[in-house]
Amino acid sequence: MGKISKDKRDVYYRLAKEQGWRARSAFKLLQVNEEFNIFEGVTRAVDLCAAPGSWSQVLSKELSKNSNEEAQVVAVDLQAMAPLPGVTQIQGDITKLTTAKQIISHFDGAQADLVVSDGAPDVTGLHDLDEYIQAQLILAALNITTHVLRPGGTFVAKIFRGKDVTLLYAQLKTFFGTVHIAKPRSSRNSSIEAFVVCMDYNPPVDYVPNMANPLMDVPYDASNPIVGSNRFIVPFVACGDLRGFDADMTYPLEIEDCEPYQQREPTQTPISPPYKRALELKRSNFFNNTL
Amino acid sequence: MVTQLVSRYSQGAVTAVAFVSDTAVLSASGGTLALHSIDTQKPIDQITVFQYARIHGVSVQESASNEEKGRQGNCVRVVVYGSKSWAIVNVDCRESGCERIRIESVHTADDWIKAAHWVRDRETDRQLVALATAHNQVIVADAEHGTCVHRISCEERSILYAAAFYGHFTDELLVAAGTVFNQILLWPIRLQDSKSIPVQQRLCGNEGVIFGISFSEDGQVLASVSDDRSLRVWNLHKQQEQLVATAYGHQARIWQSVILDQFVVTASEDGTCRVWDRQMMETVDVWPQCTKNVWAIAANRKQSLVAAGGGDGSVVVWSLEAVRGKRVEQESQLDVTYLPPQLEYNSGEPRNTERIRGFALTAWDQALLTTDSGHILRCTWNQQHGKSWTSVLSDPKLIGYSMVASSTDGSLVAVGLRDGSVMLLAPHLPPSISMQMAQIHSSVVRTLIILPGAAPGLFELITVDASGQVLWTRAALCDSEIQWNAIAALNVPQGRAQSVAAAINQKLGWAAIGTTSGCLFLFELPPLLSELQISPQGLDDSVPVLMPVLQWPRAHGRHTLTAVVLEKTHPESTSKNNSDCTIVTCGRDGHVQRFSLRVVPDAEAPKEANNVRCGDMANDMKVVVSRISCELLTEGWVEGMFEQEKGQLHAVTFYRKRLELMDLSGTVPQVVLSSISSGASKQWQVLFTPHGIRIGFMRKGHLATYCLPQQLQSSHICRILVRGISSLDIRAICALQLNGMMLVASGGEDCYVRLHRYTADVISEMCLLASERRHSSAVRCALFVPSCGENDVQYLVTAGGGCELRCWQVCVSSSQSDNLSDSNTTMIEWAVVPKSDSADLRIMDIAVIRTDSSVLVAAAYSDASVRLWRMDTHFHTFDCVAQDYSGTHCVLSIAAVDIGNGRTLLVSGATNGQVSFWDITRFVVDADNMACSKQLLPVADLRSSLLAVHDVHQSGVNSIDIRFTTDNTTACEGNPVVLVATGGDNGGVTIREIEIGETQALLRMEARRIDAHASSVKGVVLLGNDTLGSVSTDQRLAIWSLPKANPASSDTQLSLLAMSFTQVADPSALHLVQHCKKRPSLIVAGMGVELFDVETD
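Residue numbers (UniProt numbering), protein chains in the order written: chain A, 1 to 291; chain B, 1 to 1097.
Do not rely on the hints blindly, as some may be mistaken.
Over the 10 Å line for every Cβ pair with chain A, so calculated as not near, a few chain B residues [claimed, not checked]: (1) N90; (2) V209; (3) D228; (4) T291; (5) L334; (6) Q436; (7) E531; (8) R842; (9) T911; (10) L937; (11) Q954; (12) D985; (13) I1010; (14) R1036; (15) M1059; (16) M1087.
Think about it this way: if two alpha-carbon atoms lie no more than 30 Å apart in a straight line, the pair counts; the simulated DSBU-like pairs of lysine-lysine are [to be verified]: (17) B:K568 to A:K282; (18) A:K276 to B:K238; (19) B:K387 to B:K397; (20) B:K568 to B:K607; (21) B:K292 to B:K835; (22) A:K101 to B:K195; (23) A:K96 to A:K17; (24) A:K61 to A:K17; (25) B:K397 to A:K282; (26) B:K657 to B:K387; (27) B:K622 to B:K42; (28) B:K1044 to A:K276; (29) B:K646 to B:K568; (30) B:K292 to B:K238; (31) B:K835 to A:K17; (32) B:K646 to B:K387; (33) A:K96 to B:K682; (34) B:K682 to B:K397; (35) B:K292 to B:K302; (36) B:K397 to B:K700; (37) A:K101 to A:K61.
None of these hints come from the bench; they were simulated from the model.
Where a beta carbon is used, it is the ideal one built from N, C-alpha and C, also for glycine.
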C-alpha cells in the first residue's frame, strides 16, 4: 500500500503523523482514558514493551496535567528506543526480577499506580499460536506487574480476542477487582485486538510474587467452560467519542475541520526487522538470480 | 427439544503431515486427522482427535527392529499434539477396510506442546512419550495412561516457538529449543537434578525467532529456520564455528525443515517448499503449492517422498527422485549436436556458410536437420552419446533458407521454403521417409504450424507467407504415403502484423489465429468443407476464404500472442451449444489467458467491454468471447503452449536464458523441466515420447538437446492428495441448491471468486468447479440472485475492495454425472462496476432484491454511503439508481426483505452501532418500470427513504439479517412486522421486532445477549421466527432463541439453544443453507470452511 493510500484508508495513521505521535496506537490509549479515566491521580506509570514509544509519549504528556507532583514514567523494552523527554528508559527483559527491581528503584522504592502494555508478537497467521504467544506476553507483563503495582492500581494491556480469551479473562480476574474489555474507536472494527482494562489491583491473599516461575493461563473448568452460556466473559466497553473519526472509514484526503492535506513522513521509522538481511538481498537482485 | 450443531465438513490449513508407510500419509487440519492413500490419491479415513485444539504435529513411532515393536501387525502408533493436548492414535496401514484410525487415549498437559517424541526407558524398556513445552520444559509421560513420569526444566526460561528431540532412550535424549530471542538452546534430559538443567550448547546467529528445528538422522547436524527467512545448518560436534551454512532463497518466513541424507527441505510462508543440496547448500528445486504458507513437511523413511501441508488445506506428495534431472544447470548436462564434416554427406560444392538451419525432433532418439547447403539429414542418438548420420535428401530449393516445424509426436515434419513451397516428411512411415512437396504460397513461408487433427495420423497445417496469406491444409498419414489437401484460406486483415499462432478444431467449428501484435482472430468453420487436391505446382482450384467473425486487438497488450489452444468446455456435455468452448492464449507478456466462447441469440448478447468482445454470426446469433482469467506465468516470455493429453496443458517459457517446460493442469503451474538455454531461442521443440521428454533448441548453429526420462516426469513429481480451497481468509460464502446438488460460492482476500460443489458423505467433499480472479482487491461479499425457478443458469453477485461489483453467470449442466471432477460448470463475468478511482473505498456488504423483471443490489460502502444498483433482465449492466452520502460512519452490513404489499425494506448497520431502516419500495417499482421503458432515470437520493435510525450496539454492527414475520395476529393497524438480527463488535447479539409504518420503524420488542460471545460477532442469520445463529472470532457458533414466555418485556434475554466450537479461525461469514426437506445447515467461512447441520430432536 502506498503512503497516500494508507493515509486515505487509515485516518488515525494520518492524524498520528500530524500530531507527532510515534504510532497511531497513541489514540487507543487516549480513548481508553476517555472512558475509564485511567490517568486520574496517577503519578507513577510503567510502559511495558514500550517501543516505538507512543504510549510513553501519551503517559508523559497526560500525567503532567494531573497534579503538582512530578509524574514519573518508566518505559521498558528489550530494544533501545529513541529518547523521550520525561520518560526514563530501561532496556531489559520483563521476565527478569532485576527489571522489576530497576523499575521500583526509579520510583524511589514506591510502587506504580498504572502499568500499561501495548506489546504484541509478530503474528504468524496461525491464530491459535498467535493468541497463545500474546497471552504469554500479557501474563509475563502481569507477572512483573504484580511486583511493581500498588494495590488498587490499574493494568492496561493489548489482547487478541481469539478462541481462548476467556481463559485470560479468568486469570486476570483473580488479580483485579474489575476487568473490562475496551475497544477504542481508533482500533479497527475488523482487528482482533482489544484492550483489557484491569482496575483495583487486589491479588489473592496467599499470592507471593514470583518471577522464577511464569504465570500460566488457567485451564477451562466448570466455572469457565469451553462452550455454553456461563463462559467467563467480561463486560465490553467501546471507547472514544462517537463523533470522532472512524478507523474503518475511507476518508477523502481533505477532511473538514482539519488542516489541508500534506503528506508526511512517519514520526519514527520502524526498527530493523528480522528479515533485514533478506530485504538487502532482495534489493541487490539476489532472488532473481537464484531459483 | 434439544438442538445440536454437528460438524459435517471442515477444511482449513494443514498444520501437520506424516508418513505412516510409503503409500499412506497422515495430515492434520484443525483437530482432525486424515489418512490418505498416495496411490489412489483418495482419503481413506478421518477422525476428530481434539475437539477444541488444532493439531500442530504428528510423530510416528519408530519401529525398533523393523516390523516389531512399533508396528503391531500393520498398525502404526503415532502421537498427535497441539496446544495443550496430546493423544496416542493407532493407524492401520492395510490397503482396505474402514475405520483405519483409532484413538487410543487423549491427554492434557499444563502448557503448550512444541514437540513430541517416542522414547524408551533403557532399563525397563517402557515406551514413553517426551513432550517439549513452550516454557522450555520437558514432560516424559507414559504412553498408555498419559501420566507424567518425569518433568525436567531447563535453567533458562524462555518462550519457545519451536523444539526438537534427538535420541531413542530417555538417558540420551537431547532437546533443541528455539527461543523468541533468536537462539537455539541444546540441553540434555537428566532425570536427576531435573529442576534446572544447564544449557549444553547455544547456537546464535539467527536474526529472527526460530520457527522450526530439525535434527539429521545421525544427530550430528541441526537445521534451523527462522523469521529472518534463512535456513541455517549447524554442526553440533564443533564447539566453534558451529554454523555450517546460511542459505537464503525463500521470499517470506520459513516454518519448518527436514534434513535428509542428500537434501534439506524447507517449507515457507511464500507457499513453496525448497529443496537444498546438503553439500552445496544451494536450491536444487522449488515446489510451488499454494499462494501462502506451507506449514508442515515430512519425508518418508526411504527419503524418496516429501509430503507437504498447505495453508489452503492442500496435501501434496512430492518426489525427491525427480529433483535430480529436471534441472539443467551445466553445459555438460546438455547433448550438443554439430553437423558432421560436409564431405560425409555433401557430394556437391561445399558451402562456406554450412550450418544447421532447422531441426525437428522426430523420436526419442532421432532428429531431422536441414542445412544451409540444402540437405536434410537424420541424426540418430545411440547409447553413450554417440551419433549416427543418414542423408535423407537434398534439394537446391532448400539452399540458404528452410524453416522446420514438427507435430508434437514427431510423425509429421514440414519444411517451408523461400519460394513458397512446403515440403512434408513423414519420418515414421516405412520404408524410409515419405515426402511430398508443393508450392502452395507465392512468397517465402514465414510461419508453419502443425496441429493435431481430429483423428490419429491426421494433421492440420497452418502456413503463412511473407504477404500475410494464411492457408489451412490437411495432411493424413496413410500406409506409406502422405495425403495432403487444402481446406481454406483464413483472411487475416493486413496491418495486424504476422500470424504466428493458430488453433483449429473442426468438431467445435472454430479456428483461432494470433499475431505478433497480440491480436486474436476467431473464424467460424462451416460444417462442410471439401478437401481440395494439392499438386506439386500448388493448388488446382481456389480455396474458400474464411473471414474472421471476431477480432480482439491487443489481447496480450502489444506483445506477440505466441500460442492459442481451443478446449472443449463440457467434455461429455449434451448441451444445446456444442460450439461453446474455452480459448487459451499465451504471449510474450508472460501471461496465460482464458476466454470463454459461446454463441447466443442477438438479444442476449452483452455489451462489449474491457473483457468482452462480440461478433456477428448468421441467423441473428452472436459469438461472445469473454476473458475469464489472466495469469502471469513468467516475467519473461511464454513462447508456446500445447495440449499433451486431453486437458493436460503445457507451456514453454523463456526467462533469463532459461527454457522451462511447465505443466498448467494443476492449481499451481509446475515446472516439469528447466534448462539453461541461450536466450529466447526462436527454434525449440518439446517432444513427448513413451520414453520421456526430449527438448531441443538451436543456438550458435548447433542443436542442444536434453532428455528427461519418463520416470522423472511431471505425473510422478507430485501427487495431490487434497486440493486446497484458499490460502487466505475467505470473506464471503453462499450456497445454492441446484439440480439436486449444492453449489457453494466463495470469495476472499486472495481476490478469487470460487464455485464449489459440496457432497455430503461419510467423508464430505468440496470439489472446485470454477474459479476466477477478476477482482483486483479482496472479495468481501458474495450472494446468489434468488432465481424464479430451478434453472441451469444462475447469477452470482460479488463485491469488495476498490468498490468493484460483479455479476457472474453460472451455468450448471443438468447431466447427472457422478464424476466429481466434472467441469460441466462455467462461471462467466456478466456485468461489472469497475474499480473506482478511490482504490481504498470498499464495498463492505451487499443485499440482493429480486423483483418481477429486474434485480436490485444494495451495497454498503466504507465511505459511509449506501447505494442501490439496478440490473436489467439479462443481467448485463449495473446502473446506480439511488445513493445516500449523509452517513458519518463506515457501513458494515446490509440486508433487505420483501414485507408484503409490494413493499421492500432495507436495513444497514454501521461502525457506530446504529441500524438504519430504509423503505426502498419506490426504487423497486421504478426499477420494474425502467425494465419496460428502458429509460435511465437520474440517480435519486436514497436519504428520502430513510425511516428510522436505531442505536443497537456500542460499536460496529458487523452483521445483520432480516425476516418478514408472517405472524400478523398482534400486528398493529395492519403494518408489517419484521425481525432484525444483529451481531456486534462488542460480542453481543440482538433480535428486534420492528413494526414498519409508512414513515417510521417502531421498536416493538427487543431481546439481546450482550455477552453472547467473548469476541467480535462476525455473522448472524435468522433460522426462523424465533431462532438466531451467530458466529464470532472466539470460534464459537451458537444458536439463540427468543424466550417463549413474556415476549413483550422490554429487556428480554436470548437463551442459548446450542453452542459449538468451530475449527475455522477468524470466521468472517456465516451462511444459512435451507435444504428442501431436511434440517438447515450453517456454513462458517474464514481461515477455512466448516459446515454444520442444525439438528433438533
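Tested hints:
1. The non-interface label for N90 (chain B) is consistent with chain A: the shortest C-beta to C-beta separation is roughly 26 Å, beyond 10 Å.
2. Distance check for V209 (chain B) against chain A: the nearest CB is about 7 Å away, which does not clear 10 Å, and the non-interface claim fails.
3. Separation of D228 (chain B) from chain A is inadequate, the least Cβ-Cβ distance of about 5 Å not exceeding the 10 Å criterion.
4. Residue-level check passed: T291 (chain B) sits 12 Å from the nearest beta carbon of chain A, beyond 10 Å.
5. Non-interface status of L334 (chain B) relative to chain A is upheld: no Cβ of that chain comes within 10 Å, the nearest being about 19 Å off.
6. At roughly 46 Å from the closest C-beta of chain A, the C-beta of Q436 (chain B) stays outside 10 Å, upholding its exclusion from the interface.
7. Non-interface status of E531 (chain B) relative to chain A is upheld: no Cβ of that chain comes within 10 Å, the nearest being about 50 Å off.
8. Not every beta carbon of chain A lies more than 10 Å from that of R842 (chain B), the smallest distance being close to 7 Å; the non-interface claim is violated.
9. Non-interface status of T911 (chain B) relative to chain A is broken: a Cβ of that chain comes within 10 Å, the nearest being about 5 Å off.
10. The Cβ of L937 (chain B) sits about 27 Å from the closest Cβ of chain A, beyond the 10 Å cut-off, so the non-interface label holds.
11. Not every Cβ of chain A is farther than 10 Å from the Cβ of Q954 (chain B); the closest lies at roughly 4 Å, contradicting the non-interface assignment.
12. Distance check for D985 (chain B) against chain A: the nearest CB is about 5 Å away, which does not clear 10 Å, and the non-interface claim fails.
13. Not every beta carbon of chain A lies more than 10 Å from that of I1010 (chain B), the smallest distance being close to 7 Å; the non-interface claim is violated.
14. The Cβ of R1036 (chain B) sits about 6 Å from the closest Cβ of chain A, inside the 10 Å cut-off, so the non-interface label is violated.
15. A beta-carbon of chain A comes within 10 Å of the beta-carbon of M1059 (chain B); the shortest separation is about 4 Å.
16. The non-interface label for M1087 (chain B) is inconsistent with chain A: the shortest C-beta to C-beta separation is roughly 7 Å, within 10 Å.
17. At roughly 42 Å between alpha-carbon atoms, K568 (chain B) and K282 (chain A) are farther apart than 30 Å, so this suggested pair is violated.
18. Our distance criterion of 30 Å between C-alpha atoms is met by K276 (chain A) and K238 (chain B), whose separation comes to about 28 Å.
19. Between K387 (chain B) and K397 (chain B) the alpha-carbon distance is near 27 Å, which keeps this suggested pair within the 30 Å criterion.
20. A threshold of 30 Å between alpha carbons decides the hint, and for K568 (chain B) with K607 (chain B) the separation of about 24 Å falls inside it, so the pair holds.
21. Pair hint K292 (chain B) plus K835 (chain B) holds up; C-alpha atoms about 25 Å apart against a cutoff of 30 Å.
22. Between K101 (chain A) and K195 (chain B) the alpha-carbon distance is near 25 Å, which keeps this suggested pair within the 30 Å criterion.
23. Using a Cα cut-off of 30 Å, the hinted pair K96 (chain A) and K17 (chain A) is violated, with the two alpha carbons roughly 34 Å apart.
24. Taking the CA atoms of K61 (chain A) and K17 (chain A), the gap is about 17 Å. The hint holds against a cut of 30 Å.
25. For a cut-off of 30 Å, the pair hint linking K397 (chain B) to K282 (chain A) is broken: about 53 Å separates their Cα positions.
26. Restraint check for K657 (chain B) and K387 (chain B): satisfied, since their Cα atoms lie roughly 27 Å apart, inside the 30 Å limit.
27. Distance check on the hinted pair: K622 (chain B) and K42 (chain B) sit about 43 Å apart at the alpha-carbon level, beyond 30 Å; violated.
28. About 62 Å separates the Cα atoms of K1044 (chain B) and K276 (chain A), which puts this hinted pair outside 30 Å; it is violated.
29. Taking the CA atoms of K646 (chain B) and K568 (chain B), the gap is near 10 Å; set against the 30 Å cutoff, the hint holds.
30. A distance of roughly 37 Å separates the Cα atoms of K292 (chain B) and K238 (chain B); the hinted pair therefore is violated under the 30 Å criterion.
31. Straight-line distance between C-alpha atoms of K835 (chain B) and K17 (chain A) comes to about 29 Å, which keeps the hinted pair within the 30 Å bound.
32. For the proposed pair K646 (chain B) and K387 (chain B), the alpha carbon gap of about 34 Å is over 30 Å, so the pair is violated.
33. Distance check on the hinted pair: K96 (chain A) and K682 (chain B) sit about 67 Å apart at the alpha-carbon level, beyond 30 Å; violated.
34. At roughly 22 Å between alpha-carbon atoms, K682 (chain B) and K397 (chain B) fall within 30 Å of each other, so this suggested pair holds.
35. For the suggested pair K292 (chain B) and K302 (chain B), the alpha carbons sit about 29 Å apart, so the restraint of at most 30 Å is met.
36. A threshold of 30 Å between alpha carbons decides the hint, and for K397 (chain B) with K700 (chain B) the separation of about 23 Å falls inside it, so the pair holds.
37. A distance of roughly 25 Å separates the Cα atoms of K101 (chain A) and K61 (chain A); the hinted pair therefore holds under the 30 Å criterion.
Comparing the model with each earlier hint shows violations of hints 2, 3, 8, 9, 11, 12, 13, 14, 15, 16, 17, 23, 25, 27, 28, 30, 32 and 33; every other hint is respected.
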